[in-house]
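Student: Here's the letter readout for the chains.
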Amino acid sequence: MKFCITRSVCLTLVLLGGWAVAADTTSKKSPPSAAFPSAVTDFIDFNCVDCHGDDFQKGNFRIDTLGADLTDAKRFKKWVRVYDRVAGNEMPPAKVKPPSAKEKDTFLKAMGNILARADRHHKQVVLRRLTRFEYTQTIQALLSVRMDLSERLPDDRASRTYDTIGDTLTISDAQVEAYYAIANDAVSRFLAQREAPKRLRIRQPALKLVSKGMVYTHKILLPLDDGGVVVFGSKNPRSWLENVKVQTPGTYRIRITAKAYQSDKPVTLKIPTKSGERYFDIPPTGRTVEVTDYLYPGDRIYPQPFGTIPNAHVVIKRLNQPLSAFDGAGLYLGEVEVEGPLETWPTRQYQTLLGDIDLPKATLEDAKRVVDRLLPRAFRRPSSQKDRALIHAGMQRIADAGRPTEDALRWGMAATLCHPRFLYLHEPAHRDGERIDDYAFATRLSYFLWSSPPDERLTTLAESGRLREPNVLRAEVERMLKDAKAEALTLNFADQWLRLNEIDATQPDEKIYPEFDAYLRSSMIQETRLFFEEVLRSNRSVLEFVDSPWLIVNERLAKHYGLVGVTGDAFRKVAIPTDHPRGGLATQASILKLTANGINTSPVPRGLWVLESLLGEHLPPPPDVVAAVEPDVSGAKTIRDQLDAHRHTEACAACHRKIDPPGFALENFNAIGGWDTHYRPLSPQAARKPRRKVDAAGVTADGIKFDGVNEFKLELLKQPELVYHAVAEHLLTYGVGRKMSFSDRAELRELTRQGKANSYSLRELVHQIVRSDIFNEP
Amino acid sequence: MHDRPLFSTRRQALSRRTVLRGAGAVMALPFLDAMQPAFARQNQGDAAPPQRLLAINLHLGFMAHNFFPKGSGKRYKPSKYLQIIDRYREDFTVISGTSHPGVGGAHESDRCFLTAAPGVGHAGFRNSVSLDQIVAKEVQGKTRFTHLPLAHRQGKLSLAWTPSGANIPPITSPIDLYAMMFIAGTKRQRAQRLQELRDGRSVLDAVRHAASDLSSELGQSDRQKLDQYFTSVRETERKFSNSEGWVHRPKPTTRHAAPKRPKNPAEFVQESALMYDMIHLALESDSSRVITYNQPNLHIVLPDNRVKVGYHALSHHNNDAGKMKQLEVIELSQMQALATLLERLTNANEAGRRLLDSTVLLIGSNFGNANNHDTRNMPIILAGGGFRHGQHLAFDGNDNTPLSNLFVSMLHRLGVDRSGFGSSTGTLTGLDAK
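These protein sequences, in sequence, are chains X and P. Going by this note's numbering, the first residue of the first sequence is number 1, and it counts up by one from there. Going by this note's numbering, the first residue of the second sequence is number 1, and it counts up by one from there.
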């Protein structure tokens, strides 16, 4: 992390604090621009120009030559900053004679109007392409083809922003090439749906399914008489189900009966899936577990023990004994059931597009018909005669060259999937000119809540012009939130909002945090996602993101948090004892881990996380070229000692008095989110010294003292509207695909005001958002 | 650029296939004499050896005290790491005190290694064009692969960025790369490939027309956005048509056997070295003249009994002597791998000249000190390319010189007439051509 040492914006604030006013304030200064009314220029002349004019440019900022042409984005931003400094009573600085309240009001009103007017011109949502996440979901919705595109398309996510922001979504020739190749693959897989899938239905004892070589030749797996297999080692256990051969891609259900072997405590079973590793605590009495996973031909089902001795067979070989002589804990795998693909056949998508056509006998006209059906679905609005003609012509050329109809169909479908109206979200204005049209609205709504294109129902409602009727819209949003596709709001929005996608940026040091493992990591992510879903589903207040009397945990996390009475791998909602430091988001292990570097903690990234995610602060970036503090491994100094020096530097303090306090409040939580009363030693030499006690006290930017995280949370809860405003802004930024700007402020304030009447419910906020002007404007 | 088959349902399948094809080729060609001369040059009859660019970024960098030498100018005393390549002393310049102004962003700084775009890691950051892409534009179509963006298997990003700030996905498998360069397909495969490329071109032609049509419905700023699409489609068409030309021309042959992955996938330095071998072959066969390699942030524990902790965790050594010792083991072997690359490039001859002399080779790291994510004082080695080497160019460690100045010097050497790049303020002082 970086600490602020020099930054012009900081300086503007700080240096002016010590600046005395010159006597003569009126002469020689030119007005900033003739285009501003006197309500603005008078105020600036009188209050600003002395320090930011011809004679002095404090903080490297000069106002009288700034200019009034607000079409220039950079200049516009500077004027917004001027407005904010005055509105926030930061300018003019305290040491000079303040303008009267009336003068200030007149200025803010006039300036506010000018800025809002200018802003409306350039805040438009930029035409944006589908993100990788959305593209993947869209192909699945259109063609019932699921693809892992993580290696074929660039990752659109960047830290501290949303991938849906059109401005930053770029395209390149490499990407166009990839789109074309992916389109061809997707069409091939779609057309292959004409054949009935080769379904798999297996119910066998594990011994029949695992690799014979691993059992009998390498003697890594121990066979039992009942057909079960015992797996001891957790490192490369080689217990994959070699004889389950997936031939058709699809969703498969996997059921495994397992038991803890030679152990009176449960043994953990790990099953990797496409959506992450799944962990199950298996008792000695046995248990049947079930997972569903999307499998491609060649994929392995690989149940394995977790947390047992890594290489049991090596240990036992060294002792020159058979594996059966090993007396350590293992995992017994009994009966295994695999069934799939679970998808119905023919798929709805194939039925819709090709249901009445027998492909081998199809004519070119048939093929054109298929494309005509695909086009409006791909474009998320009716296709034009022109668009159809363009694609038909290409198909015709293929047919004219004497190639099979299927080639023409493939060409037409591939062209559709590379078409700009498919790849980009085109949002033309409604005939009223104020709003985007109904199809564009249905699309925006659908990608907001589902990251997927609108379904038939939404499209029909858009077509009839009824989608935005208040009752209809409310019912639709409710329907959409209940749909399984709403998972995208968690996986795409919440992951980016809370920066969960950064959780693996660092690996905790094994020596300092021996209790960290993959099971805990996976549980952390799961907890935060489930927590978000619970607040959304159960109509809870966004204030529960700050503090909640409940949590959703499994046994592994409960142990990590020091909560008793939770057993097993299943996540459940539990009440938190009153004095317990957990509750809310910031004290969840996932957040605490991703805001630490795997070794020690620093209040800075944590404070930033709280300010940005929960309070909606937009802090200007720190200077990049300032070196971070190197942790003192000798143990002589804590991070607080080191930071204090910075906080006493005026230039740093301007930002860090805001950033550091929330971080200090969280200081008891170590780099993996466990609770430490004393800092852990970071090196062997530090381990020989007495451990330093953690101090989680601080003073908020407003000067209120707190000691520990619970007191700090109480301070945050005193400003519920800040939290609600922040969440509203995050959701809108994500949903509309642009940063909120000056002219959105009034409506955001209004949303927040209404939010109070709804007890700040997150679900109501979603309803408010889709009704808002911001969400409906081009 | 990527001469990959267009239709592959899954990437693994491609790899397996290419491995098999690779093995076949090796069996067929064991007695062939040295590398066949490159095709492009034969046809175009360039007399002077072409200028090439190779840039390598090692994300976690080097510990400064072991990397930077004592003293400056010609008489510098090699550091522990430079000792390893000291036998090529006259072929490289070590540069200290340079960095990209405004590029912080911790681990994301590798995105800017060749772009120098400030503000990475901040909301709304957008990257700019990378050095290699500027050179690639100049040599477009002259070789089978206009540029080769390469990365270690775990790298998601290459060092190559388009002018619109999009990353060009890297090739991460040396085995695939070998196949792309040397394994000729069957006649049928070639015919199929041609049809793929032609169908591709006609699809792209159609959607380009559709884009002009859509453009008329858009406002100014949206039209600019769609322009990016339009340009990208046209570039891809050009690329396809270029590839069509190369399908007809035979691939060069090589004595070098198809590479095999290290048995232990954790051998990441070996894996990088394998890619260096392929880079050497690519340059030697003139398959490409613009190559970048990105070794990303790796958490792998190097299989060496002196190393117990993951590479990234070691990089945050916090000045702990034990960890620094382990990190040194890794960094020494990284330097060894680079020494081997230098050896290959100085041994390889091309029309009586060493390959290194016609290759501008940049080796460096986005981190000056990965321990505290400091991006200043990047470790930089510039080799080959006909510069006057054998010196340590020491710039101010507190007030760094923009690394972009070096980039401008490199561009000039590569025949690209540009007065500036990124945050450059001129060319790099003290660096002259021979």
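Careful, some of the hints might be misleading.
Just a sample of chain P residues kept apart from chain X, beta carbon distances all over 12 Å, derived [to be verified]:
{"#": "1", "residue": "Glu90"}
{"#": "2", "residue": "Val203"}
{"#": "3", "residue": "His256"}
{"#": "4", "residue": "Lys308"}
{"#": "5", "residue": "Ala348"}
{"#": "6", "residue": "Asp417"}
{"#": "7", "residue": "Arg418"}
For each label pair, taking beta carbons as the anchor points, the in silico distance ranges come out as [claimed, not checked]:
{"#": "8", "chain 1": "P", "residue 1": "His65", "chain 2": "X", "residue 2": "Gln642", "range": "13 to 23 Å"}
{"#": "9", "chain 1": "P", "residue 1": "Lys263", "chain 2": "X", "residue 2": "Asp504", "range": "49 to 59 Å"}
{"#": "10", "chain 1": "X", "residue 1": "Ala746", "chain 2": "P", "residue 2": "Arg153", "range": "45 to 55 Å"}
{"#": "11", "chain 1": "X", "residue 1": "Asn60", "chain 2": "P", "residue 2": "Arg89", "range": "41 to 51 Å"}
{"#": "12", "chain 1": "X", "residue 1": "Asp69", "chain 2": "P", "residue 2": "Arg249", "range": "52 to 62 Å"}
{"#": "13", "chain 1": "P", "residue 1": "Val247", "chain 2": "X", "residue 2": "Glu406", "range": "30 to 40 Å"}
{"#": "14", "chain 1": "X", "residue 1": "Arg388", "chain 2": "P", "residue 2": "Gln220", "range": "47 to 57 Å"}
{"#": "15", "chain 1": "X", "residue 1": "Lys109", "chain 2": "P", "residue 2": "Arg234", "range": "22 to 32 Å"}
{"#": "16", "chain 1": "X", "residue 1": "Ala570", "chain 2": "P", "residue 2": "Leu194", "range": "37 to 47 Å"}
{"#": "17", "chain 1": "P", "residue 1": "Glu244", "chain 2": "X", "residue 2": "Ala746", "range": "18 to 28 Å"}
{"#": "18", "chain 1": "P", "residue 1": "Leu194", "chain 2": "X", "residue 2": "Lys77", "range": "50 to 60 Å"}
{"#": "19", "chain 1": "X", "residue 1": "Gly355", "chain 2": "P", "residue 2": "Arg261", "range": "43 to 53 Å"}
{"#": "20", "chain 1": "X", "residue 1": "Ser384", "chain 2": "P", "residue 2": "Gln195", "range": "43 to 53 Å"}
Rather than coming from a laboratory, the hints here were simulated on the basis of the structure. A quick note: this is a predicted structure, and the numbers were derived from the prediction, not measured. No residue lacks a Cβ here, since even glycine has one placed at the ideal position from N, Cα and C.
Student: Please go over all the hints and tell whether each is borne out by the structure.
Tutor: Structure-based check of all given hints:
1. Glu90: holds (33 Å)
2. Val203: violated (5 Å)
3. His256: holds (27 Å)
4. Lys308: The claim is violated: Lys308 of chain P sits with its nearest Cβ about 9 Å from chain X, within 12 Å.
5. Ala348: Ala348 of chain P clear of chain X: closest Cβ-Cβ about 29 Å, beyond 12 Å.
6. Asp417: Given a closest Cβ separation of 24 Å, the condition holds.
7. Arg418: holds (21 Å)
8. P:His65 to X:Gln642: 13 to 23 Å: holds (22 Å)
9. P:Lys263 to X:Asp504: 49 to 59 Å: Because 26 Å falls outside the window, the suggested range is violated.
10. X:Ala746 to P:Arg153: 45 to 55 Å: holds (51 Å)
11. X:Asn60 to P:Arg89: 41 to 51 Å: Distance hint for Asn60 of chain X, Arg89 of chain P holds at roughly 45 Å.
12. X:Asp69 to P:Arg249: 52 to 62 Å: holds (56 Å)
13. P:Val247 to X:Glu406: 30 to 40 Å: violated (24 Å)
14. X:Arg388 to P:Gln220: 47 to 57 Å: violated (28 Å)
15. X:Lys109 to P:Arg234: 22 to 32 Å: violated (50 Å)
16. X:Ala570 to P:Leu194: 37 to 47 Å: At roughly 57 Å between Cβ atoms, Leu194 of chain P and Ala570 of chain X fall outside 37 to 47 Å, so the hint is violated.
17. P:Glu244 to X:Ala746: 18 to 28 Å: violated (57 Å)
18. P:Leu194 to X:Lys77: 50 to 60 Å: holds (52 Å)
19. X:Gly355 to P:Arg261: 43 to 53 Å: Holds, since Gly355 of chain X and Arg261 of chain P (Cβ atoms, about 46 Å apart) stay within the stated range.
20. X:Ser384 to P:Gln195: 43 to 53 Å: With Cβ atoms ~30 Å apart, the hint is violated.
Checked against the numbered hints given earlier, this structure breaks hints 2, 4, 9, 13, 14, 15, 16, 17, 20; the rest are met.
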